[in-house]
Structure formats: structure tokens, C-alpha cells
Amino acid sequence: MDFDKIVKGIPQSSFEKVSDELVKVLLGSPNTDKMPEKLAKAILRHWQHDELSSPIGVRVLLEASMILEEEKTRALLQSLGVQV
Amino acid sequence: MLKFGIEFVPTDAYWKVVYYAIQAEKVGYDYVWITDHFNNRNVYVLLTNIAIYTNIIKFGPGVTNPYMVHPIMTAQSMASLNEMAPGRVACGLGTGDKTTLDMVGIERVKPLAAVKETVQIIREITAGKTVKLTGEVFKVAGARMNFKSISPIPIFIGAQGPKMLSLAAEIGDGVLINASNKKDFEDAMKYIKEGVEKAGKRLQDIEVVAATSFSAHEDITKAQKAATPVVAFIVAGSPESVLQRHGIPIESANKIREAISKGMFKEAFSSVTSEMIEAFSISGTPSMCIEKIAELEKIGVTLFITGSPIGPNVRNSINLISKEIIPYFKK
Chain A
1 MDFDKIVKGI PQSSFEKVSD ELVKVLLGSP NTDKMPEKLA KAILRHWQHD
51 ELSSPIGVRV LLEASMILEE EKTRALLQSL GVQV
Chain B
85 MLKFGIEFVP TDAYWKVVYY AIQAEKVGYD YVWITDHFNN RNVYVLLTNI
135 AIYTNIIKFG PGVTNPYMVH PIMTAQSMAS LNEMAPGRVA CGLGTGDKTT
185 LDMVGIERVK PLAAVKETVQ IIREITAGKT VKLTGEVFKV AGARMNFKSI
235 SPIPIFIGAQ GPKMLSLAAE IGDGVLINAS NKKDFEDAMK YIKEGVEKAG
285 KRLQDIEVVA ATSFSAHEDI TKAQKAATPV VAFIVAGSPE SVLQRHGIPI
335 ESANKIREAI SKGMFKEAFS SVTSEMIEAF SISGTPSMCI EKIAELEKIG
385 VTLFITGSPI GPNVRNSINL ISKEIIPYFK K
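Going down the list, the sequences are from chains A and B. If you're matching positions, the first sequence starts at 1 in the numbering used here and goes up one per residue. If you're matching positions, the second sequence starts at 85 in the numbering used here and goes up one per residue.
No lab work stands behind these hints, which were simulated from the structure alone. We put the beta carbon where it would ideally sit given N, CA and C, even for glycine. Be careful, since some hints might not be right.
Ranges of calculated distance between the beta carbons of each label pair, as one might list FRET restraints [stated by the list, open to error]:
| # | chain 1 | residue 1 | chain 2 | residue 2 | range |
| --- | --- | --- | --- | --- | --- |
| 1 | B | N400 | A | T32 | 18 to 24 Å |
| 2 | A | R45 | B | G321 | 47 to 53 Å |
| 3 | A | N31 | B | G226 | 46 to 52 Å |
In the DMTMM-like style, the derived pairs of lysine to aspartate or glutamate whose C-alpha atoms are separated by at most 25 Å in a straight line are [unchecked claim]:
| # | chain 1 | residue 1 | chain 2 | residue 2 |
| --- | --- | --- | --- | --- |
| 4 | A | K24 | B | E208 |
| 5 | A | K34 | B | D96 |
| 6 | B | K306 | A | E51 |
| 7 | B | K407 | A | E21 |
| 8 | B | K407 | A | D2 |
| 9 | B | K407 | A | E70 |
| 10 | A | K24 | B | D303 |
| 11 | A | K17 | B | E408 |
| 12 | A | K34 | A | E21 |
| 13 | A | K41 | B | E408 |
| 14 | A | K41 | B | D96 |
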């Protein structure tokens with residue numbers, strides 16, 4: 001999946017909303033063992049630096065969310081009008 | 085001004101707990117505490133990550149115990165963390181959770197002596213001294229670390245009974261009281277005052293910490309529902325004297341105890357009454373929580389910890405607490 005392309009398709013004004021919803025999906029997921037080490041660290045680093053609503057922040061959240069909760073993530077993106 | 089801390093039990097993946105710790109720092113909490121039980125994620129792994137991903141919030145084990153982890157190792161861990169995050173580290177120390185220690189087959193021998201000796205060992209060894217101690221519980225024959233802590237590490241002692249409360253106030257930098265109701269704090273303050281007087285200190289020289297079971301939500305029913313499982317375990321683990329103080333019938337507590345011991349959690353939780361929730365948690369709407377926190381502050385609490393469950397949804401509740409509760413006390 002081309003995550004960069006998906007992120008480019010998200011309007012700037014929706015970044016905060018998308019980021020918030022993706023965090024909600026991740027924190028609520030029981031599939032924590034699927035979280036790749038690299039993405040967990042990237043999420044924490046971007047969160048520490050207030051970058052989770054930036055394009056790079058949304059990208060890592062999206063990638064992690066697709067791994068942990070693919071169906072929920074697809075449904076979420078669809079409800080937000082984001083093309084996958 | 086009242087300080088705020090948050091406590092996490094690392095039953096969940098490390099990155100979730102660290103996410104919440106970063107959130108807590110962003111919204112104005114002063115401390116984050118991680119509980120220390122062998123059956124959860126390792127406390128120092130969590131704290132190391134918190135040191136890395138936060139910048140100003142203070143943190144520490146809340147609380148470790150000298151039976152499971154030798155004081156020398158606790159001292160080494162704390163000094164190492166203090167090198168990563170100078171001045172941000174605090175050591176919470178107690179006598180451990182009996183149920184967890186029982187699982188490992190460790191007996192809680194001479195708790196007062198154990199705590200006293202542990203404080204001595206941690207202070208001396210983190211200061212770069214050679215520790216020689218023939219105590220009632222620990223015997224240390226000349227241990228010395230190859231480095232010392234960058235700065236002194238404050239030690240907060242978990243206490244419930246009169247003797248431990250007094251000792252904690254006497255030798256600790258803070259007394260950490262695992263309770264949520266003002267009756268418990270009114271009682272505890274008598275012994276805390278005794279302890280500080282014995283040490284020739286003033287009450288304001290130490291932190292009086294309320295480590296509460298906390299649950300905040302705009303809807304009181306949701307807040308209390310989230311607190312119910314935690315309260316059930318507190319009731320089950322409370323001595324008779326504590327139950328009596330809060331007017332909880334022993335038979336009701338026994339019913340919960342029995343159900344928990346049989347793994348019948350649904351039955352245990354359904355036996356929790358509103359009186360139990362009132363006695364053993366602070367749960368409700370933000371304005372209800374503010375009222376109760378203010379009562380504790382008036383009694384002498386200087387650091388208020390929002391402990392498990394925090395709320396029906398941890399992330400949302402941290403945001404709620406930061407918007408509606410913390411600002412009231414930080415004005």
C-alpha cells in the first residue's frame with residue numbers, strides 16, 4: 001500500500017481529525033503484538049515532538065493502524081472521505 | 085500549589101503506557117508513576133522509555149519493594165535513570181503487594197526494618213559511599229557502585245499503618261498513602277505529624293501524597309462503572325479496621341473476596357456498592373472530583389495521584405482532567 005499517496009490525498013484541514021481517530025484506533029486495539037518496533041518508536045517520537053498531526057506523523061499512524069486494525073482503518077478512512 | 089501525578093499499571097503494551105506518559109506531561113502533570121509487579125511489564129524498561137520520550141515530567145517506580153528487588157539494584161536503577169533524566173527521578177518504595185509476593189513465595193519479613201534499611205542503602209550507595217550494613221533484614225558487606233547519582237534521589241514511602249506512616253514521614257522525602265477518602269487521610273496525618281516531629285522536620289519539608297483510585301467522566305455512571313473493578317480488589321484486600329472505618333460490612337467484603345478468589349469477577353464486581361465506591365475511589369464528574377481533591381488538599385495532601393482506572397477511556401480522561409480539574413488547583 002502506498003501510504004505516502006494516501007496521506008497526500010488527505011486535505012490539510014483534516015490532518016488533525018485523521019490523526020486523532022487513528023490514535024484512537026491504535027490505543028483501543030488488542031493486537032498490540034502486531035505493532036512493529038520501528039513504528040512504535042516513530043509514533044512516540046512524533047508524539048513527543050507534537051508531530052502526530054503532520055504528514056509524517058499521520059503516515060506512521062496510518063501504517064501502524066493498517067497493520068493492527070486493517071478493517072477498522074479502511075472503514076475510518078472511508079468515513080472521512082479519504083481515498084485508499 | 086497542589087501537584088498532580090498519574091499512575092499506570094503496565095498491563096498493556098509499553099508503547100501505550102509511554103504514549104499516555106507523554107500525554108500526561110503535555111497536559112501539565114508533575115509526576116508519572118509506574119507500578120512494579122513481576123507479572124506486568126518491567127518498571128525500569130517503562131521508566132527508561134519515559135525518560136527518553138519526555139522532557140520535564142518527574143517519574144519513578146510507584147512503588148517498588150525491597151523483597152522482590154534488592155535495594156542495591158533499586159539504587160543502581162534509580163541512579164542510572166537519574167543520569168538519563170537528571171533531577172526528574174523519584175523512588176517510590178513500599179513493602180510490596182502481598183498477593184504478588186505470595187505467588188513468588190516471598191515473605192514480607194519485618195517491614196518497618198526492611199524499609200528503614202532500604203532507604204539507608206539507597207541513599208548511601210547513590211551518594212557514592214561504600215555500604216556496610218548489618219541490619220535486621222539486609223546484610224551488605226561493603227558494596228559500592230562505580231558511579232554515583234548526579235543528584236540526590238527523593239524517596240517516597242508507601243504507608244498505611246500508624247507505624248509505617250510515622251516512619252515514612254521521619255525518614256522519607258514523601259509519604260505515599262494508597263487511599264482515596266478523606267477519613268483515611270485525617271487519620272494518617274496524625275502519624276505523619278509524629279514522624280516529622282521525631283525527625284525535627286517541618287510538615288512542609290515532605291510531600292504528602294494521595295495515591296488514589298480515580299475515575300473521571302462527564303457521566304457519573306460511566307465514571308463509577310470504570311472504578312468498580314478496582315474498588316472490588318481494594319475491598320477484597322482491605323483489613324477489617326479499614327472496612328470498619330468506612331462502615332463497610334465485613335460480610336459484604338467477604339463475599340467479594342470469595343468471588344475474586346474463585347475467579348468469578350462478574351459476581352465480585354456486581355457486589356460493589358456505591359458506599360464502597362465512595363470509600364475507596366474518587367470517581368465522578370469533574371466538579372465532584374474537584375470537591376474531593378480540595379478536601380484532601382485541605383487536610384494536608386500536597387501531591388495528588390490519579391491512579392487506576394483514571395477513567396472509562398484513559399486518553400479521554402487525561403484530557404478531561406487536564407481541562408477541567410488540574411487548572412482549578414493550578415490557578
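Check: Does the alpha-carbon distance linking K306(B) and E51(A) stay inside the 25 Å limit?
Finding: violated, 32 Å
- Item | Range hint 46 to 52 Å (beta carbons of N31(A) and G226(B)) holds or violated | holds, 50 Å
Point to revise | Pair hint K24(A) and D303(B), alpha-carbon separation not exceeding 25 Å | key: At roughly 20 Å apart (the allowed maximum being 25 Å), D303(B) and K24(A) satisfy the hint.
Whether the CB-CB distance between N400(B) and T32(A) falls inside 18 to 24 Å: holds, 19 Å
Given the proposed pairing of K34(A) with E21(A), does the C-alpha separation stay at or below 25 Å?
holds, 19 Å
Q) R45(A) and G321(B), beta-carbon distance inside 47 to 53 Å? A) Given range 47 to 53 Å: violated, Cβ gap about 39 Å.
_Between the alpha carbons of K41(A) and D96(B), is the straight-line distance 25 Å or under?_
Measuring from Cα to Cα gives roughly 16 Å; hence the hint holds.
**Message:** Just to be careful, I want the Cα atoms of K407(B) and D2(A) compared with a cutoff of 25 Å; is the pair within it?
**Reply:** Cα-Cα ~38 Å, so violated.
task = For the pair supplied as a hint, K407(B) and E21(A), confirm whether the alpha-carbon distance does not exceed 25 Å.
result = holds, 20 Å
Would you check the hint for K41(A) and E408(B), treating anything up to 25 Å between C-alpha atoms as holding? violated, 31 Å
Exercise for review: With a cut-off of 25 Å on the C-alpha distance, tell me whether K34(A) and D96(B) pass.
Suggested key: Satisfied, since the Cα-Cα distance of roughly 13 Å is no more than 25 Å.
Does E208(B) sit within 25 Å of K24(A), going by the straight-line distance between their CA atoms?
Distance ~45 Å between K24(A) and E208(B) Cα, so the pair is violated.
Going down the numbered hints, you'll see the structure goes against 2, 4, 6, 8, 9 and 13, while the others check out.
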